[in-house]
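There are 2 protein chains.
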Amino acid sequence: MPTKQPVAIVFDTFGTVVDWRSSLIADLTAYGSGRGVTADWPALVDAWRAAYHPSMDRVRTGELPWTTLDNLHRASLDRLVTEFGIKGLSEDDLTHINLGWHRLHPWPDAVPGLTRLKSRFIIGPLSNGNVSLLLNMAKFSSIPWDMIFGSDLFGHFKPDPETYLGVAKMLNVRPDQVMMAAAHNGDLAKARACGLLTAFFPRPGEYGPNQKRDYAAEQDWDIVATDIQDVAAKLGV
Amino acid sequence: MPTKQPVAIVFDTFGTVVDWRSSLIADLTAYGSGRGVTADWPALVDAWRAAYHPSMDRVRTGELPWTTLDNLHRASLDRLVTEFGIKGLSEDDLTHINLGWHRLHPWPDAVPGLTRLKSRFIIGPLSNGNVSLLLNMAKFSSIPWDMIFGSDLFGHFKPDPETYLGVAKMLNVRPDQVMMAAAHNGDLAKARACGLLTAFFPRPGEYGPNQKRDYAAEQDWDIVATDIQDVAAKLGV
Chain L
259 MPTKQPVAIV FDTFGTVVDW RSSLIADLTA YGSGRGVTAD WPALVDAWRA
309 AYHPSMDRVR TGELPWTTLD NLHRASLDRL VTEFGIKGLS EDDLTHINLG
359 WHRLHPWPDA VPGLTRLKSR FIIGPLSNGN VSLLLNMAKF SSIPWDMIFG
409 SDLFGHFKPD PETYLGVAKM LNVRPDQVMM AAAHNGDLAK ARACGLLTAF
459 FPRPGEYGPN QKRDYAAEQD WDIVATDIQD VAAKLGV
Chain F
259 MPTKQPVAIV FDTFGTVVDW RSSLIADLTA YGSGRGVTAD WPALVDAWRA
309 AYHPSMDRVR TGELPWTTLD NLHRASLDRL VTEFGIKGLS EDDLTHINLG
359 WHRLHPWPDA VPGLTRLKSR FIIGPLSNGN VSLLLNMAKF SSIPWDMIFG
409 SDLFGHFKPD PETYLGVAKM LNVRPDQVMM AAAHNGDLAK ARACGLLTAF
459 FPRPGEYGPN QKRDYAAEQD WDIVATDIQD VAAKLGV
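Line by line, the protein sequences give chains L and F. Numbers given in the working numbering equal positions in the first sequence, counted from 1, plus 258. Numbers given in the working numbering equal positions in the second sequence, counted from 1, plus 258.
Simulated from the structure, these hints should not be mistaken for lab results. Each hint should be verified, as a subset may be incorrect.
Same chains, same names: a pair is fine if it fits in one copy or spans any two.
[Claimed, not checked] Below, simulated DSBU-like cross-link-like pairs (lysine-lysine); rule was C-alpha separation at most 35 Å, straight line: (1) Lys345 / Lys427; (2) Lys448 / Lys345; (3) Lys345 / Lys376; (4) Lys376 / Lys470; (5) Lys492 / Lys448; (6) Lys492 / Lys345; (7) Lys470 / Lys492; (8) Lys397 / Lys448; (9) Lys448 / Lys427; (10) Lys376 / Lys427; (11) Lys492 / Lys427; (12) Lys397 / Lys492; (13) Lys448 / Lys262; (14) Lys262 / Lys376; (15) Lys492 / Lys262; (16) Lys397 / Lys427.
Here the structure is a predicted model, which is why all the values come from computation and not from measurement.
Produce the entire structure from the sequences given, and follow the hints as far as they go.
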């Protein structure tokens, strides 16, 4: 057990709590089949995710005003549908596909592990998703968050410090009373730089055959675990 | 069942979900007894609550910059401790007493009724409390909110329209897809003016012997119920 017990634990969500890649590939493949629309859906999903950081960077650098992740996803989708030459999708289809990010399934350990942690700590996502995305996902997948720390609450995307410090401010606690949990070393490094506690566990299947990093802890994070159930065990709950 | 089913139901909290008066009187009486501090705690609680609207109005009119309800409560408490001639309270005591608003107990129907509603709708408090107050209260009393709509998310107190409309915007739905539930006709009138659906149920014991109003619905609210369990029944869950 680490010396310091947090008051709250906030979780990166895409990849850390939910398996976005498998969920979206299954969701879009089934939807395309039902609508008679042919496409290389796995490749579309990978290209869509590849557009994630560059699209947020346009906001973070000031090129775009504040834009929710839902709207960034939609702009990337529109571009990719053209690039992939996908035909026959109506506006309703595109809206439905874009909301695929609200219909992601958790990794098997996530809901039982979070349920254990919720018994002692405040738990919430600290994600680049907007509140409505994260809330709809929580309802869809029965994720038992206490509070949704969507990026729209702060008007900033991670890794801007306004997100990590914004959680502490909103909870009226010190930064070192908040623990950031993520499957991504980079996210944790930025959280630690803001004074937060950190918990790492790997998700080696997040990117499928395209995974290139985050197989193991790269710093002496306060907790290094195998998954969320193991985070709970290491915190003694 | 009303024609329109909401996507989300947001609840006034003090008085509507939790019994602030009985909770605080019991909490402060026990604490004072343990600390050997004598006071007319019921009268202090009533005076403290009487300071609630005037203190928020100082923010709403621009006399004060944005101030959380926790901090308004504390300023009122400091004044009242002097006015009531209460002696022997340390800074730690005052902090503990002020956080009594985080330790309020729900009315008996609240948690079972909200649990039913949560199965179909997004549920959250829409309260003048700040996020940390409402979140600590939810943890203390096992209130199963999906999301905490604290006044600090909007930088406004009810009945400013930014609060009611802010929920719809944050959820990316129309105002008439959000239902405001309250034991206070005035709150519902302001919510309806913003286009929200409305649900009323009375809490005739909220103010103890000092209750003066809100014994019954004063408009044809979309739902008029006896309590939160009955709201669930009237929505068919």
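With identical chains treated as interchangeable, where does the CA-CA distance between Lys397 and Lys427 reach 35 Å or less: within a copy, between copies, both, or neither? Both: 26 Å inside a chain and 18 Å across chains, each within 35 Å.
When Cα atoms must be at most 35 Å apart, do Lys345 and Lys427 count as within-copy, between-copy, both, or neither? So Lys345 and Lys427 pass the 35 Å test across copies only (32 Å; inside, 47 Å).
At most 35 Å between alpha carbons: which applies to Lys376 and Lys470, within, between, both or neither? This pair counts as within: shortest intra-copy Cα distance 32 Å, inter-copy 40 Å.
How would you label the pair Lys376, Lys427 (within, between, both, or neither) given a Cα cut-off of 35 Å? Cα proximity of Lys376 and Lys427: in one copy and across copies (20 Å, 28 Å).
Could you figure out if Lys492 and Lys448 sit no more than 35 Å apart (CA to CA) within one copy, between two copies, both or neither? Within one copy only: 23 Å inside a chain, 48 Å across chains, cut-off 35 Å.
For the identical chains here, do Lys397 and Lys492 meet the 35 Å Cα criterion within one copy, between copies, both, or neither? both (28 Å within a copy, 22 Å between copies)
Pop the pair Lys262 and Lys376 into one bin, within, between, both or neither, using alpha-carbon distances up to 35 Å. Cα proximity of Lys262 and Lys376: in one copy and across copies (17 Å, 34 Å).
Classify it for me, Lys345 with Lys376: is the Cα-Cα distance of at most 35 Å met within a copy, between copies, both or neither? The answer is neither: 45 Å in one copy and 39 Å across copies each exceed 35 Å.
How would you label the pair Lys492, Lys345 (within, between, both, or neither) given a Cα cut-off of 35 Å? Neither way: Lys492 and Lys345 sit 50 Å apart in one copy and 45 Å across, limit 35 Å.
Check Lys492 against Lys262 for me: Cα-Cα at most 35 Å, and say if that holds within a copy, between copies, both or neither. For Lys492 and Lys262, only the intra-copy Cα distance (12 Å) is at most 35 Å; the inter-copy one is 47 Å.
35 Å Cα cut-off: does Lys397 pair with Lys448 within a copy, between copies, both or neither? For Lys397 and Lys448, both the intra-copy (29 Å) and inter-copy (28 Å) Cα distances are at most 35 Å.
Please work out whether the CA atoms of Lys448 and Lys262 approach to 35 Å or closer within one copy, between two copies, in both situations, or in neither? within (19 Å within a copy, 45 Å between copies)
Checked against the numbered hints given earlier, the structure breaks hints 2, 3 and 6 and satisfies all the rest.
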